[in-house]
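Use these hints to put chain B onto chain A, whose structure you have.
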Amino acid sequence: MTQVSTTQAGPRIKVPMAMLAELTHRCPLACPYCSNPVDMVGRSGELSTQEWTNVFRQAADLGVLHLHLSGGEPAARPDLEELVAASTEAELYSNLITSGVGLTAARLEKLAANGLDHLQLSLQGIDHETADLYGGYRGGFDKKIAVAGWTVALGLPLTINAVMHRHNLPTLDRMIDLAVELGARRLEVATVQFHGWAEKNKAALMPTREQVQKAGETVHAARLRLKGVLVIDYVPADYYATYPKACMGGWASTSLNVAPDGQVLPCHAAPTIPWLTFDNVRERPLKEIWTHSEAFNSFRGDEWMQEPCRSCARKAVDFGGCRCQAMALAGDAAATDPACSKSPLHADLLAAAEVASGTRDADLIYRRMATPKQLARTQNA
Amino acid sequence: MTTEFPETARPRLLKGVRSRFDQARDTWLLLAPERTLELDAVAAAILAEVDGERSFSEIVDILAAKYNAPKERISADVRTFLSSLVERRMLEVDVP
Numbered sequence: 001m002t003q004v005s006t007t008q009a010g011p012r013i014k015v016p017m018a019m020l021a022e023l024t025h026r027c028p029l030a031c032p033y034c035s036n037p038v039d040m041v042g043r044s045g046e047l048s049t050q051e052w053t054n055v056f057r058q059a060a061d062l063g064v065l066h067l068h069l070s071g072g073e074p075a076a077r078p079d080l081e082e083l084v085a086a087s088t089e090a091e092l093y094s095n096l097i098t099s100g101v102g103l104t105a106a107r108l109e110k111l112a113a114n115g116l117d118h119l120q121l122s123l124q125g126i127d128h129e130t131a132d133l134y135g136g137y138r139g140g141f142d143k144k145i146a147v148a149g150w151t152v153a154l155g156l157p158l159t160i161n162a163v164m165h166r167h168n169l170p171t172l173d174r175m176i177d178l179a180v181e182l183g184a185r186r187l188e189v190a191t192v193q194f195h196g197w198a199e200k201n202k203a204a205l206m207p208t209r210e211q212v213q214k215a216g217e218t219v220h221a222a223r224l225r226l227k228g229v230l231v232i233d234y235v236p237a238d239y240y241a242t243y244p245k246a247c248m249g250g251w252a253s254t255s256l257n258v259a260p261d262g263q264v265l266p267c268h269a270a271p272t273i274p275w276l277t278f279d280n281v282r283e284r285p286l287k288e289i290w291t292h293s294e295a296f297n298s299f300r301g302d303e304w305m306q307e308p309c310r311s312c313a314r315k316a317v318d319f320g321g322c323r324c325q326a327m328a329l330a331g332d333a334a335a336t337d338p339a340c341s342k343s344p345l346h347a348d349l350l351a352a353a354e355v356a357s358g359t360r361d362a363d364l365i366y367r368r369m370a371t372p373k374q375l376a377r378t379q380n381a
Numbered sequence: 001m002t003t004e005f006p007e008t009a010r011p012r013l014l015k016g017v018r019s020r021f022d023q024a025r026d027t028w029l030l031l032a033p034e035r036t037l038e039l040d041a042v043a044a045a046i047l048a049e050v051d052g053e054r055s056f057s058e059i060v061d062i063l064a065a066k067y068n069a070p071k072e073r074i075s076a077d078v079r080t081f082l083s084s085l086v087e088r089r090m091l092e093v094d095v096p
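Protein chains in written order, with the UniProt record's numbering: chain A, 1 to 381; chain B, 1 to 96.
Honestly, I wouldn't trust all of these hints.
Claimed, not checked - Now the stretches of chain A that chain B is said to cover, found in silico as 3 or more residues with beta-carbon under 8 Å: (1) 221–234; (2) 350–359.
To be verified - Residues of chain A placed beyond 10 Å of chain B at every Cβ, according to the derived structure: (3) Asp142; (4) Glu217; (5) Thr242; (6) Gln306.
What the hints assert, rightly or not - Below, simulated DSS-like cross-link-like pairs (lysine-lysine); rule was C-alpha separation at most 30 Å, straight line: (7) A/Lys200 with A/Lys342; (8) A/Lys143 with B/Lys15; (9) A/Lys287 with A/Lys214; (10) A/Lys227 with B/Lys71; (11) B/Lys15 with A/Lys227.
These are calculated hints, taken from the structure and not from any lab test. Beta carbons are placed, not taken as given, at the ideal position from N, Cα and C, and that holds for glycine.
Next up, chain A with everything else stripped away, as it sits in the complex:
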């Protein structure tokens, strides 16, 4: 991979592969594990069509290849069709990450005509009951099935993104079959990561250790059985793992996020690190932000690492795990991610996860723009 050199000494700065454009935080769904921040940007703060178009062009110039159009629900933007055209114009590979709600057959046709490359559809469950409960939106499941059909009929590649947790992990086999029946080429089995709204819902959503082990086996068997039919990517529950996830492929190494108001973030949870400051595309060119912004340089490379990361042979493999999880759980964003078995906090984390996974009748706190309300009680799976 080609490296872009910087004028100052320090870690080498790579060319980013991907940019996540969070077009809006507005969303008709209310998933209790949404990765959006708890404090969200309202409609009036969002970048305009013109501003996004300009950001896409800058991203392409910087070397970005994949543009993920996300949210919130990106279809809540009436200019989504124009934004896809702008992405095509900038020669980016466009990926629409959607709940499906807000799309129609006509809109999807227009998106495809404007050059949309790929559609990633979220499924909260395998049927109306679970999907609509966890999406917090009645009728959502039927809508999603319709969107999957339109996508496949247009010949567009379809990915199903299945967010899994304690209550729906027992249905993983059926979820895999459903993805095949819908004509998906790819399935993302994403175990809930406990950031954003999910952090508030640990007791309700934390999988058990047995479930996580079983899920790993199910995915492995399905990959063999469905070779050439369905590609499966799997994001396991890292609390039970031996080593942490290689979060973002390394901080400020391969991708960047632009929030609805133009703030440029190394990852969507980065604002949970309170002392970081972020630049905005309204004030500074994207390339300058990628190269020089304090937020990006804070954890770039490995100079910032403490022990046990600093002398660890795996530091170039998992990069010390997730900075935001270190912040949330260790109170220090430069600490070893407590999901790592080498972290002094790992045993406590594991014990807490096991307690959480055994919680009965935990309240679900749904994602809301304003005050979160406790809306439903769930039965323990």
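Frame of chain A, contents of chain B only:
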């Protein structure tokens, strides 16, 4: 596992899978859903002949002539590379 490629089978990249030259990295790439494959000279040469019209044997003939190489070797290279794309859901073959 390699996919069966009858001589008359016509390979084609699926919609949403495309190659492009990347200036920033000075290389040919194959872009697909959530994937980026860096194409080496052999892979790029093979894909340049895959147009959904040419059959497997036509592609092998063209490459053998172009690179003055034995057909058996070219055939094995093409088969291995295209099979790997089938497994990744990036390519399909139409068998007449």
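Inset, instruction - Just pull the numbers of the violated hints for me, sorted ascending. - result: 2, 9
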